[in-house]
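*Asks:* So the sequences go chain by chain: A and B.
Numbering follows our numbering, in which position 148 of the first sequence is assigned residue number 148; successive positions increment by one, without gaps.
To convert, count from 1 in the second sequence and add 252; that's our numbering.
Rather than coming from a laboratory, the hints here were simulated on the basis of the structure.
Wrong hints could be hidden among the right ones.
[As the list claims (entries may be wrong)] Quick list of the computed label-pair ranges, beta carbon to beta carbon:
#, chain 1, residue 1, chain 2, residue 2, range
1, B, His498, A, His51, 29 to 37 Å
2, A, Pro153, B, Tyr258, 37 to 45 Å
3, B, Thr289, A, Asn5, 44 to 52 Å
4, B, His303, A, Arg112, 46 to 54 Å
Where is the CB? At the ideal position from N, CA and C, for every residue including glycine.
Read off the chains here:
Number of protein chains: 2
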Amino acid sequence: MSNLNYPTACVIIIGNEILSGQTVDSNLSFIAKRLITLGIQVKEARVIPDHEQTIIDVVNTCRKNHTYVFTTGGIGPTHDDITSKSVAKAFERPYVCNEEARKLIFSVVPSRGPNDSRIRMAYMPEGAILINNPVSHAPGFQIENVFVLAGVPNIAHAMMETLDSRINNGKPIYTKVIHCIAYESVIADCLRDIQNAHPNVEIGSYPTWHITKDRGVKVVLKSRDLNDLEKTEKCIFQMALDHNFHAEEINL
Amino acid sequence: MSNLNYPTACVIIIGNEILSGQTVDSNLSFIAKRLITLGIQVKEARVIPDHEQTIIDVVNTCRKNHTYVFTTGGIGPTHDDITSKSVAKAFERPYVCNEEARKLIFSVVPSRGPNDSRIRMAYMPEGAILINNPVSHAPGFQIENVFVLAGVPNIAHAMMETLDSRINNGKPIYTKVIHCIAYESVIADCLRDIQNAHPNVEIGSYPTWHITKDRGVKVVLKSRDLNDLEKTEKCIFQMALDHNFHAEEINL
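So that you can see chain A by itself, here it is in the shape it has in the complex (with noise of 0.2 Å):
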């Protein structure tokens, strides 16, 4: 599937729990099914822990690289939470108090006073525009054209629905997912030349033999051209039929 010339997206992931095993990240997968919907494939993600100089390294080698960056993960009031910090730092902007921020934080339950960490989820680059927290009300924020995001599933992914109107949308990508009951090294010589001959639709192969219910191959399609997804999947029903295999499309 070419993708020249097609807005593209990264993820970073700010986090030594995910680093060091303690959590497993779900943020990435549900960003990337979310951006997808918008025609934005994900072409990279990183994984990346709580050290103020790779963030900042990090962000502004990706911002060059990308459409757009998405971050997950320290933007809370504990001294590990140096996201938004590092974030100014890259943009080279001051790191100053963000009112509307301050109050969305206190909204809900009053400032107990100058020693209150919460103030701290309110200091984001200068001139960021907020990110509506629907969870918990600390927001996130954008700037130009990174997004700063929770890292806690829930709020991430709360932050991420609202905001569809601010990322400009690709060329749709449709998927067609289909269940082969067949081992992958039957079908790899017949894929190789169905992906050939449909260069405009990427053909993913991922067997799932090990789960006894569900054994076989997941043959995903994906392309910005339904004409050219649709003959592709007829070809792979044509290859089920010639090798005497079960076939069928999976809903997503």
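On the provided structure of chain A, position chain B as indicated by the hints.
*Replies:* Leaving out everything else, chain B in the frame of chain A:
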């Protein structure tokens, strides 16, 4: 937690299905936890597409920057499995049929003749050392400091479990997790003071308040110095007493 002179690792997750959100990666967490038992921290992970030049570039960058690199995905028999060939190119080594690998692959189900696409799984960089696959026989391989594993989780995990003897242990990393029944913003200032007083201990703070039964904050302590770790743990329990909330250690 200072990491000067300690071995580091990088995990490269190769696969369009992860970047499209179709599949949630679980290999990073497994590999990271396994390495921590050997005293090695994963300092970086990358998720990249099945794209040759990207694989070459990322493998070459990461193998220079880290003691160990682990890749997952893309070593099956289909057209989109291009990891082995790309790694051969990264190392500028011929991509050849490994005789030992060929025998292993055909040990259970014999070859069906010259068109048997399983033979592709025996191709790897010249001089690679096999990584045993106790699940489905097609091996992974090691070349210098790069370990090339399958993407299917139970195979990747089984391969990883065979590698302990090939990895030079770092100084052990000790971990303690304390579940605090408190809002993160309540403990943030105190936690910062504890962190500042114990620079050899990495203190992470992860709110779990969205899950009712598990409401609170998981405070994760990591250190290569067990004495420092235990002192820090005492400070956390003292904080709980001072602020009048419940705290208890969680067994990992």
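*Asks:* None of the hints should be skipped; say for each whether it holds.
*Replies:* Hint check:
1. The hinted range of 29 to 37 Å is satisfied by His498 of chain B and His51 of chain A, whose Cβ atoms lie roughly 32 Å apart.
2. Taking the beta carbon of each, Pro153 of chain A and Tyr258 of chain B are about 31 Å apart, not inside 37 to 45 Å as hinted.
3. Look at Thr289 of chain B against Asn5 of chain A: about 47 Å separates their beta carbons, and that is inside 44 to 52 Å.
4. Between His303 of chain B and Arg112 of chain A the beta carbons are some 51 Å apart, a value that agrees with the proposed interval 46 to 54 Å.
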